[in-house]
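Number of protein chains: 2
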Amino acid sequence: MALVASWFGRRGPRRETPRLRARGARRAVTRVEFTDLHPDPESYLGRAARIQLGHVETLGSLVSDFDRFDDKERLSTAAGLALSKHQGLVAEIVRRDEDPAESMSAVAEPIDHFRRVTRGATPLETLLSFHVTSGLLDDLFIGLSASLPPDLGPRVGNLLGSDAGTAGVVDILEREISVDRRMGSFLAMWGRRLVGDTLLLAREVVDVTGSSGGESVEPVFTELIAAHTRRMDALGLTA
Amino acid sequence: MALVASWFGRRGPRRETPRLRARGARRAVTRVEFTDLHPDPESYLGRAARIQLGHVETLGSLVSDFDRFDDKERLSTAAGLALSKHQGLVAEIVRRDEDPAESMSAVAEPIDHFRRVTRGATPLETLLSFHVTSGLLDDLFIGLSASLPPDLGPRVGNLLGSDAGTAGVVDILEREISVDRRMGSFLAMWGRRLVGDTLLLAREVVDVTGSSGGESVEPVFTELIAAHTRRMDALGLTA
Chain A
1 MALVASWFGR
11 RGPRRETPRL
21 RARGARRAVT
31 RVEFTDLHPD
41 PESYLGRAAR
51 IQLGHVETLG
61 SLVSDFDRFD
71 DKERLSTAAG
81 LALSKHQGLV
91 AEIVRRDEDP
101 AESMSAVAEP
111 IDHFRRVTRG
121 ATPLETLLSF
131 HVTSGLLDDL
141 FIGLSASLPP
151 DLGPRVGNLL
161 GSDAGTAGVV
171 DILEREISVD
181 RRMGSFLAMW
191 GRRLVGDTLL
201 LAREVVDVTG
211 SSGGESVEPV
221 FTELIAAHTR
231 RMDALGLTA
Chain B
1 MALVASWFGR
11 RGPRRETPRL
21 RARGARRAVT
31 RVEFTDLHPD
41 PESYLGRAAR
51 IQLGHVETLG
61 SLVSDFDRFD
71 DKERLSTAAG
81 LALSKHQGLV
91 AEIVRRDEDP
101 AESMSAVAEP
111 IDHFRRVTRG
121 ATPLETLLSF
131 HVTSGLLDDL
141 FIGLSASLPP
151 DLGPRVGNLL
161 GSDAGTAGVV
171 DILEREISVD
181 RRMGSFLAMW
191 GRRLVGDTLL
201 LAREVVDVTG
211 SSGGESVEPV
221 FTELIAAHTR
231 RMDALGLTA
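Just so you know, the sequences run in chain order A and B.
For the first sequence, the working numbering assigns the number 1 to the initial residue and increments by one for each residue that follows.
For the second sequence, the working numbering assigns the number 1 to the initial residue and increments by one for each residue that follows.
It should be emphasised that the hints constitute simulated quantities derived from the structure, not laboratory data.
For each residue, glycine too, the CB sits at the ideal point set by N, CA and C.
Keep in mind that a hint or two might mislead.
Restraint ranges, calculated between C-beta atoms of paired labels, are given here [what the hints assert, rightly or not]:
| # | chain 1 | residue 1 | chain 2 | residue 2 | range |
| --- | --- | --- | --- | --- | --- |
| 1 | B | 229 | A | 163 | 40 to 50 angstroms |
| 2 | B | 101 | A | 101 | 51 to 61 angstroms |
| 3 | B | 150 | A | 174 | 39 to 49 angstroms |
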């Protein structure tokens, strides 16, 4: 946690009544809001932009790993949607007269590390990694957007909450898991590992060091995990 | 040439007066038209769609190979533009009540082979390969579109002639070549190898077997190579 300077104020988070919002064509996940945290906009935007660019990289490299034409199209569509989000976040950084490359470089180390440890040994593992980690991190950043300044937060929340191509990704995962049930239990185990790594990054993002001992963010993390569990359930995987 | 059945009528091609058209933000290339060839629309569309999807794969995998954020954005933007073209071609196949996966599978073998032999040993070689091969093949398919039925050809020609993100790709190539001049002579050699492989695919596409001995298509290929030479010149590379 010492890697990156604190970028949130140290007020305790407060969990709001979860709201349902559409995500992809098929699922509804809980929206978590932490209205008492005050993320620094530049750090928030730099991280969010770097993470979306990471999704572009992951999905872009997966396009050639899957043989079916429709899979290639699903994956590149999802990559294009992540690129749109990245570009929208970069535009917000520019609008604040800050340099996108600097904002992203400042936060690159923990995110690059995260990307390395969550890369799968097979394309299917990497695709599940995208689904699990982007689901958790999108929920986190959408939740945090409610605490950004009012001239920024709603726009960013809408941007991050827009279609991520999840339905197509879920189609591929469901089909592959149905082919080989043993694969399902293996992927379930991989999914648990991914949650651990993602929550480490999420905790670093929320930066509990020096706040009320971490206890106060527990409800927030409980909500993130509950939404994750519903995503895994939808795939027939044990979270 | 025996791999794939003939899909063009056997009339001789005729070279039209070259026209200039904008391509990317910086360059103008010659538009070649072969108005006396009559490509079979399904084969044409299947090939063109598969080739554009190949561009998505190549560019998508390159995104994580380049470290700079702006390069990642340039490459994923170009991938997104190739995806749009692919999707537009798939829509044309569907409009003809044909199955896109079948149309693309029927032509997959020579295109997959072509993609394997034109993949570079380094990201920079692969990027030059995208630039060189997509330039030649786009010119070929745009030229052939003039011979498609009038309810199809102009739409496809416009689609293939739209922005391909070339300016961003050229920016990366120019920068990398300027860093190391010896790299330039190596890439020039690689470029000559790429032209050979691309013209083999182009000849297969035009399918000279059984026509007037191939002689009649020479002016067409001369035009394709002239446009290629201008692209290489723009990079300071000897074609």
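(message) Could you work out which of the previously given hints the structure breaks and list their numbers from low to high?
(response) 2
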